[in-house]
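A.B. asks: Chains as they are written, first to last, in the numbering used here: chain A, 44 to 408; chain B, 175 to 491; chain C, -3 to 518.
One thing to keep in mind: the hints can contain errors.
To be verified - Covered stretches of chain A (in silico footprint by chain C; criterion: 3 or more residues with CB under 8 Å from a CB of chain C, positions within the stretch not fixed):
id, region
1, 271 to 277
2, 282 to 293
Claimed, not checked - Sample of chain C residues facing chain A (criterion: CB under 8 Å; computed from the structure):
id, residue
3, Ala322
4, Arg324
5, Leu345
6, Asp346
7, Gly367
Don't read these hints as lab results, they were simulated from the structure.
No residue lacks a Cβ here, since even glycine has one placed at the ideal position from N, Cα and C.
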Amino acid sequence: MAEAKREHPNRVVAILRELAVPVISVAIAMVIGSIIMIVAGFDPISAYVAMFKGGFGGGRQIGETMLRATPLIFTGLAVAYGFRAGLFNIGAEGQLFMGGLSAAFLGIALAGLPRPLNIVIMIVAGAAIGAAWAFIPALLKAKVGAHEVITTMMFSYIARYLVSWLVTGPLKAEGQIPQTERLPVETTLPKLHEIFPFLVPSRAHLGFVLAVLLAIAVWWVLKYTALGYESRAVGFNPWASETGGISVSATTVKALCISGALAGLAGVTEVMGVHLRLFDQFSAGFGFTGIAVALLAKNNPIGVIAAAILFGALSAGGGTMQLEAEVPQKVILIIQALIIFLVAAEQISRWILGRTVRRGVEDAG
Amino acid sequence: MLADILTPDLFASAVRMATPIALAAIGGTISERSGIVNIALEGMMLFGAFMAVVGTTFTGSPWLGLVIALLSGMALALVHAFASITLRTDQVVSGTAINILALGLTGFLMEVIFMRPGTTDPVPRLTPIFDFAGPTDGVIGTMWTWINAIVFGYTPIVYIAIIIAIVGQWALFNTRWGLRLRALGEHPRAADTVGISVIRGRYSAVIVSGALGGLAGANLTLEQVGSFTEGMTNGRGFIALAANIFGRWTPAGSYLASLLFGFADALQIKLQLLRDVVRIPSQFFLMLPYVLTVIVLAGVVGRAVAPAAVGKPYEKG
Amino acid sequence: MAPPLIEVREVTKTFPGVLANDRVSLSLDAGEIVALLGENGAGKSTLMNVVYGLLTADSGEIRVEGEPVHIRSPRQAIDLGIGMVHQHFMLVEPLTVTENIVLGTEPTRGGVIDFRKARDDVREISRRYGLAVDPDAVVRDLPVGMQQRVEILKALYRGARVLILDEPTAVLTPQEVRELFAVVRSLVGEGLSVVFITHKLEEVMSVADRVVVMRDGRVVGETRPADTDMAGLARMMVGREVVFRVEKTPSTCGDTILELDDVHVLDERHLEAVKGVSFSVCAGEVVALAGVSGNGQTELIEAITGLRKVSSGTMLLKGEDITKAAARQTIEAGLSHVPEDRHRRGLVLDFDLMENTILGDHRLAPFAKYGVLNSSAITEVTRQRIKDYDVRTPSERVKAATLSGGNQQKLVLARELGRDPDLLVAAQPTRGLDVGAIEFVHSQILSERDRGKAVLLVSLELEEVQSLADRILIIFEGRIVKEFAAGEASDEELGYYMTGGGGDKLAAAPQEVVVSDGGSQA
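Pulled out of the complex, with its shape left as it was, chain A reads as follows (with noise of 0.2 Å):
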């Protein structure tokens, strides 16, 4: 019984100090980035307020934020399931890309199928694919070491030129523009307030319950599978796990090609239920911004959700914030740098967090 009593206060205090690095780090993160804009001559407060405002301001802007939101969730778990095992997939760009086009193709090939199960069949195949293009970087890391930040980097380049080239030659649509055709009503994904009427009206969609419902399954799959369990072991130690009749290799690739399917539905759910088409520039560098959501989130699942709801207002934000303070969008690029730094290097918080916490918190634990 005593041991029972003794360990709640105990997660509450792990539960925040969990939270403390993440929170601390993003508040650092935004004064430097004021810094940077006051150097550059712009003005933080009014530009904070504008992405706040673009973010949350309302109904609308908070859809938009979920709209941003959900491709971030995806790659976000992508990132953070590959690094509990041990693997960077810093190529969760170009699974992304395939993802999108195996979207595209199919959403013009199933046109005329019911809704449903077109939603259900080119998320499989998106994840399908996704996989598939992690499978042969995570067979080369798991056969001959080949460094998986190398070899993922590169397929993603090799997955965005087949992207371009497809569409501007054999799945172009008709015009001057290189894209794909449209897709038909009944290969979409339907937006929020269509299947919430009480929801103002904003751009978000289904995606968005998809992510947040992966996010919740990937955390279970971690925590109480035999799978979770096999990543995580190899992801600290391969050795032991070998020896504990875990076959490294096999999980490795297992791991990367999870990584990779959940990156895939990134851009399946970009293509189905935001652009509804497929062209060169189709994702706003998700994939890299989805490390930072991972890191963010210390690579655990649920946190995902939050760090991507974040990177997702900071972008919604980010337009209103161009329109009315005039400052480039691209210093959010900056502030998500420095998070990464920031969670990172543990100590800079914990420094900041000053001794009194830190005392406390090892004490309990």
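With chain A's structure known, arrange chains B and C on it following the hints.
C.D. replies: Just chains B and C, lined up with the frame of chain A:
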């Protein structure tokens, strides 16, 4: 048709295209020899490329632009060094952050300085050093055309890269600096126990690699293109890391491996020019260097051995 | 009377939660060999790392020739004439002997290393002290004993007057140990002083002039080998009477559990490490595989446990062919494995105790069903095992990394024995443990045997082999060269066979030692 492709300027172009990759690859060699993975070379190159244009725009001198590019690469390298050596952050994560930072900084500053996204105004370039007149007729004329193109046809940084490769190779195996660098990446504690400062050694190696990354960027903008475009490094920093592995963590090897990638790049450009003859979509040629990188890594990694302590933060005591 | 060459006064050093050195004093005279004796964790290495400037003491003083000094870095220690040979060599393996020796104090001209001078200097000191090495050999290719010689030369090259040797014999063959002792005596003859850190009593008796014994971070006694015996030293070191032999009943051999027939195994460098080994282990007996480190034991164990491919031969576990089995199949076939390196192979240090407990059984009932983990079963079993195997921990939710070495090993045993295997393969199961934990591990191994299980034990410690084994197989250079029944052979006999003695068919083996030795003298 083969004669249309295998012209002197194809090989000269290969050397030119190899130059930024080689400089970054040698930077990777030096950094990894000291024990620090530098996937931030992509970002350092990008930042260097941009700052070279900024420097040239404001000073009017591409040479000063080059110096500024060098310093800019070093500045980002200092950030990487601080994060990965002093704060012992995961080196790959820190490198990724720098790559994103470089994208953001160049994009942001572009709009602040040039008032628009996309591409900057053109700037004066660094021009080829030599300008020899030679015979044009007969066999001798043909030979001269080849020699002139392949040996004398380059801009300054191309030669600088070659010199760095040769001198770096010699220095790595013959100087005190080289011996200590090799020790740092293999067994930093051993170096520490004989009084070599691991921290200082690694900082300087990472900063040198940043300078080389910046120089690579300057080559892109001041010699190859003449202006800066967002994201123009296009994965060359990552290809450089593959070249470093293929070159077995030596400066000369990195250079030679980069020539392979440079050749793929040059071939790609050549084939695009001949697209009326060679009816293959240009995107497939553009993929060439990336496909080649994967093939090289797949084939070579098992046999190439990285410095033993690379990627591991050093903690005293 | 001249002040001692080195004098350590009241040095205290703490690590978070550990008092490693508690007001330790020690002195060393010129031309003296002092053995610093103590168990693992007694604080010997900490003390010497303080003297060498790798660690800084919290309080206390060090004097060199009577002068108080502050040694804050190895560089300063080197300048004061102190050299140290670490337990884990501080050698850069891909570099040559010369490069390693001059590293940090390279003879240069304008930054360019004068390799000719460096090589000459190395030859000169190696001649002066009778430590033959090939200056151009790459360190990675040298045998361990030769690498140690390079380490000693490194210190001498820097003008060391005092040489600290940290557990220098741990990695050596008995032949190499004899050579090392000869070297140490000749160095002392040249006027050097030596501090010899060890936990092996025989070594103290044969080489030291004076013995300082440490326990729990304190100096607990000082004596001369002539004034004491092994039992007396052991008592001082451990703090109570030590039972050198474990009591056990005679074994009863049941069915054959493990059977190896002409097994060959390659090592990482694709050289044959195990060259045709055949033996069997039956239910209810402990078979010990005794040998000097690096004679193929590691590769053989990895092959049996499914971690390494067998190049030829067959292995049967309870009659089932496990020659090509992966680790998972061997576990399912009834094999448990206590690995040699528990941090690397035994535990996932970042996992909590529950997660470590199910490693290897994580896909089986009761821990998992259809690939979904059963948390309540995992918690329950873990708690039970923690109790059964006396793992001292605040809760089952803490990371394995937070446990002490002994408790970590108990956790490994809890997992591996809790599985109720038919065969236990235990590789150096007591390495680095304190006496209490060693006794626990030994009693667990014997109780497995008494319950009719088969045990294959790999050990470098003759004491452990002698006290636990029912049969002893001597492995040398990848072959089983001799078999003894329990109590049949003395330590000396075991040592003789372990180092390649006996058997004409092995003529090639000892020669190899001579070749590698002679080659370096050239």
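A.B. asks: Could you run down the list of hints and mark each one as holding or not?
C.D. replies: Each hint, compared with the structure:
no., hint, result
1, 271 to 277, "holds (count 4)"
2, 282 to 293, "holds (count 9)"
3, Ala322, "7 Å, holds"
4, Arg324, "3 Å, holds"
5, Leu345, "7 Å, holds"
6, Asp346, "4 Å, holds"
7, Gly367, "5 Å, holds"
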